[in-house]
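Novice: Protein sequences appear in the order of chains A and B.
What the first sequence shows, in our numbering, is residues 1 to 163, in sequence order.
What the second sequence shows, in our numbering, is residues 1 to 612, in sequence order.
Source of the hints: derived by calculation from the structure; they are not laboratory data.
Keep in mind that the hints are not guaranteed to be accurate.
Claimed, not checked - A few chain B residues facing chain A, derived, Cβ under 8 Å:
(1) VAL142
(2) ASP241
(3) GLY245
(4) LEU396
(5) THR470
(6) TYR478
(7) GLY522
(8) SER577
(9) ASP582
(10) LEU587
(11) PRO595
(12) THR598
(13) LEU599
Just so it is clear, CB atoms sit at the ideal spot from N, CA and C, and this is done for glycine as well.
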Amino acid sequence: MKKIVVLAAIIFASIAVACRQQQDPPAPPMSGLPDLGIPVGPVPGPRKPMTLPKDPYMGDPVATQEGRQLFVWFNCAGCHGTHGGGGMAPSLRDQDWLYGDDDAHIFASIAQGRGSGMPAWGTKIPEQQIWKLVAYIKSMRTKEEPDPPLVPPKPRVRTVRAK
Amino acid sequence: MKRQQPTLKAVFLCMCALLFAGSDLGQAQDGANNTVPGQLQSVHLVSPVPDGDWQLPAGDYANTRYDPLDQINTGNVKNLQVVDIVADGITRGHEGQPLVVNNTLYMVTPFPNNLLAFDLTKPNFPMRWKYEPHPNPVAKGVACCDWVNRGASYGDGKIVYATLDNNVVAVDANTGKQVWRTEVGDIHRGETTTMAAFIVKNVVMVGNSGGELGVRGKVTGLSLSDGHVMWTAYNTGPDNDCLIGPDFHPFYKKDQGQNLGVKTWPADAWKHGGGPVWGWISYDPELNLVFYGTGNPGPWNPDQRPGDNKWTCTVWARDPETGQAKWATQLVPHDAWDYDEIMENIPIDMNWDGKMRKLLLHPARNGFMLVMDRTTGELLSAEAFEPVNWASGYDLKTGLPQVDPAKRTHTGIYARQVCPSSTGGKEFVPSAFSPRTGMLYIPAHNTCMDHEAIQANYIVGTPYLGSSTTMFAGPGGYQGELIGWDVQHAKKVWSIKDDILPVYSGVLATGGDLVFYGTLEGWFRAVDAHTGKVLWQFKTGSGIVGDPITFRSPDGKQYVAIYSGVGGWMGAVAQPSISLDDPYAALGVTGAMGPIKTLTAPGDDLYIFALK
C-alpha cells in the first residue's frame, strides 16, 4: 500500500514537472532518482502543508537489518560511528538533524550528499538500498534497532603492569 | 640538590643572552652552541636550543622542547598570571603551538588554517596581519580526527605550514603575503595534511594524514625558496618510490631485502595501505639525518593484509636534501592495533651503559619507551611506560615485539582488554627532554580496548577502516598521566595521574627547572622538573590539546604561551556532534571519554602568561 502511495506521489510529481516544462525554461536533466518534492530552500510566505514520500521499508525488520549491513558495507560506519554515534561525521543518534528528519530528507541527504564531506551516493547505491539505510537510521535508539551498541561483557584478564 | 640560586642563574643567562643576541638557529648551527647552563655531564645536545625565539615546531631541530629561559623558575612560578587571551572564533581542536620570530608571534588556526601575526613590541600584542589560505571545505569530510593543524616552521624569512587540503604555503613573515603555494596531496583520495611542516636547510618536509582512509603514506620535500617538489618518499611500494637506494642499511634482518614495501603485502594492497606521516620530524645536524615515524597500515583489519606491511609503523632515517633512506626499523610488523608510530624521535647523545652513544628516544604509541642507536636503527631498550599487554616486550636481537596472539584481533573475533588502546600509551602529543635532569617528560594515556576486525571495503575517498572498537580506562582505573622518565635508567621517577581523562597536551621543559603541560579539562600547569610537584596551575577556557612554548619579548621578559581548545581524536568527544550512547563512536574513543562532555567544551583561545 505504501509503495503505491509513493509511486503515485512520484508519478504525480513527474507529471507536474512535465507540465511546467512546457512553459518554463528547460529544466535541469533528471537524475533518475525520484523527485522527493523537497523545496530547495525556505519558501517565502506562510508555511504550507507538505506531504513527503515515506520510506516503504519503515518498520520492516528484515529491511532494517539489511540497512544495518549496508551501513557497514558502504563505510557509513567509518564516518558516522560504528553504530551511528558520530566521529568524522555527525551523530545520527542525537536529536539534531542538520538537513531534516523526514524519511525523504534523510534519503535526500544520502542520495545528494551534503556540505563538509557527505558524499553523494545517489549514483552508487540503488534507490531501494538507500531506503533500507533510512529505515536503519530511523531505528536507532528504538527497540527495533538491529545490532545495538552494547558493550560486550568483560572477562577478567591478567594484564602486565609497567615497571 | 646542587642547584644554583635563581638570581645567579638569571645573571648567567642574561650574559649568555647578550653573547648570543641576534643569533638564530641557522647561525647557531655553525657556531654549535649546544650547551646550556646546568647541563648534565652525561648529556650532549645535538641541536642548538632556542634563544628567546621559537622558530620550529619543537623549538629546536632535536625535538627536545627544552628552552633554557629561566626567568620563570620553581621559586617564582606561583606569580605567573595571564597577560593576554586571543580568541580565533573556532571550536575545533587547537593542536600544535605558536612560533615566535623577531618579536612577532605567529598562530596557525585549525581549519580554515588562517595564519595570525601578533606584534610583541606593543602592549597587549596587537594583530599585525592575518593570512587566509581558504582551503577546500571538502577536506573537513575526509579528516579522520577533527580539523586540526599542528603548526608551522620558520625559515628564510617565511612562515611555512600545510593546510588541511594538502596545500603547503609559505608566507612572508613580515608582510603576511603568500610567497608560494604547492599542493602535495588529493583530498578526493582521502588525503589531508595535519602535521607541522619542518624545515632543514632549504628543504620543507611535510607528510600526509589519512591512515583511516586508505591513503598511501609519504613525506614530500619541497624547496624552501620556491616550493617546487624536490623529492617524495613513500612508505609503501617499490624501493624506488620509498627512496631506498645503495645508502640504505637497515640494522635488522627483518628489515633487509628488496622491495619489501611490495612483497610484504597482498597484491596491490600497498597502493592504499596507509602508513601516513602526521607527527613530528626531527633533525640531527651532526649526522645530517632527519627522523620520523610512519602510521598504521590500512585497513585496521589485519586479516585483509597478511604480511609485515612495510613500511608502516616504522621509524625512518633519511638525508633531508635527497630524501634517500639511511635506515629503517619497523616497530610493529603487521599491526593489528592502530599503533601509529608517528611519535616524536628525539636525537640526544647520552651516557648509555658506560659510554656516550648517539641515541634516538621514541616514546612509542604501543606503550614502550624505545631507545635506539640513531646511527643504525638498533633497539637498545624497550620498557613499558604504561600498562601494556599486546606484547611482553621486544627482542632487542631481532628487533621484534614479543606479541601475545590473544591480543591480536581477526575478522569477526574480539580481542578483549587490549592495552594500550589504539590511542596508545601516548598519542602524537610530544614529550620534552631536559638536559638538566636527563629526564623525558611523557604525556601518557592508560586506555585499553575491546577490538574486533570487520571486513572493510575500499571505496575511494571514504573510510577504509574495518574495525569495531570501544575503549575504557586501563588497570588502576586512571586514564592519564604525566611521567617524569629517567632515560638512562629506563624508569619512572614521578608521575601526575589524571583519574578521568588522558593527558593530551604537549610538554615544555625550561631552564627554570619547570615542566609545563595542560589537561583535557583545561588546567595549564607548571611542575617541578625534578619532583613532579605541581607548583602552579590555571584553568583555561577549554581542554588543552596544544603544546606549550616559551619566549623572550623585546623588553627582556619571559613569557609562556599555550593554546586552549579541546578537540582532536579523543578530545572530539567534547563536540556536540558525538553521542555517548554509542561507545564505539569516533573510532572507539567515546567509550573512554564520556565525562569530557561535562568537564569542558570546545572553543579556541591562545593564552600568554608572564610573571606579575
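Novice: Against this structure, judge whether each hint is valid.
Specialist: Hints, verified against the model:
1. VAL142: This hint holds: VAL142(B) lies near chain A, its Cβ roughly 6 Å from the closest one there, short of 8 Å.
2. ASP241: violated, 27 Å
3. GLY245: violated, 37 Å
4. LEU396: violated, 16 Å
5. THR470: holds, 6 Å
6. TYR478: violated, 12 Å
7. GLY522: The hint is violated - GLY522(B) has no Cβ within 8 Å of chain A, the shortest such distance being about 22 Å.
8. SER577: Where the cut-off is 8 Å and the nearest Cβ of chain A is about 4 Å from SER577(B), the hint holds.
9. ASP582: holds, 3 Å
10. LEU587: holds, 6 Å
11. PRO595: Status violated, d = 16 Å.
12. THR598: It is violated, given that the least Cβ distance between THR598(B) and chain A is near 16 Å, above 8 Å.
13. LEU599: violated, 19 Å
This entry does not satisfy hints 2, 3, 4, 6, 7, 11, 12 and 13, going by the numbered hints stated previously.
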